Amino acid sequence: GDSVTQMEGPVTLSEEAFLTINCTYTATGYPSLFWYVQYPGEGLQLLLKATKADDKGSNKGFEATYRKETTSFHLEKGSVQVSDSAVYFCAPARNAGNMLTFGGGTRLMVKP
Amino acid sequence: DAGVTQSPTHLIKTRGQQVTLRCSPKSGHDTVSWYQQALGQGPQFIFQYYEEEERQRGNFPDRFSGHQFPNYSSELNVNALLLGDSALYLCASSHTGTSGNTIYFGEGSWLTVV
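Those sequence lines, one after another, are chains A and B. For what it's worth, my numbering labels the leading residue of the first sequence as 1, then goes sequentially. For what it's worth, my numbering labels the leading residue of the second sequence as 1001, then goes sequentially.
These are computed hints drawn from the structure, not numbers from a lab. Check the hints yourself; a few may be wrong.
[Said to hold, decoys possible] Cβ pair distances, simulated, as ranges:
id	chain 1	residue 1	chain 2	residue 2	range
1	B	HIS1010	A	THR5	43 to 51 Å
2	B	THR1014	A	THR26	21 to 29 Å
3	A	LYS56	B	ARG1063	25 to 33 Å
4	B	THR1005	A	PRO10	13 to 21 Å
5	A	TYR39	B	PRO1008	38 to 46 Å
[To be verified] To give a feel for the contact side, a few chain B residues facing chain A, derived at Cβ under 7 Å:
id	residue
6	ALA1038
7	GLY1042
8	PRO1043
9	GLU1052
10	GLN1056
11	PHE1060
12	SER1086
13	ILE1103
14	PHE1105
15	GLY1108
16	THR1112
17	VAL1113
All of these numbers come straight from a predicted model, not from anything done at the bench. We treat Cβ as the ideally placed atom computed from N, Cα and C, and that holds for glycine.
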């Protein structure tokens, strides 16, 4: 079945630092890829997505590029803020059924 | 345009009891999926409903069942509750047939089994 490997957290950064959260996946075919963010005590919010190889998803300063050859979808942001502190989930989705597979998530803590 | 809405927000049940959680999908969406998220873990897929039928199911026992209504809303039922069923239950909606479409989540229902 599908699976996701994310770097273990917590990742602790100072404000304005550069962020990279690695994500690799195994999936049948060519899934769509998503990053979701979860703030404390809340549900999942879509951060960005990419639907085919070499697509770049972007939102709120975050970016991730669909790399088919390395089955990766690493999340990056050039300058993090304290408000970015949350848990980030990478998830492939089987196009036919729209079923997401999640890993354990990566907790990001940004200090002032 | 309302997003995915879930109810109740929080509830406490006793072991052995039964619980029903409800979900209304985002306008225009016809597919509803349910996920269980234990504390500190990623969400796990329970099942998915489309055209009022269960289309896919994850590795969950038969104590977990669901239903989808003609207006696309959905219920998740859990019978004979165990302490280990304590979790955040998330509903997600999407539109089948649209390639690469976005899957939206509700805020979840926090279930505590005591």
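* **Hints that the structure is at odds with (numbers, increasing)** => Numbers 1, 2, 3, 4, 5, 6, 9, 11, 12, 16 and 17 - these are the hints that the structure violates, sorted from lowest upward.
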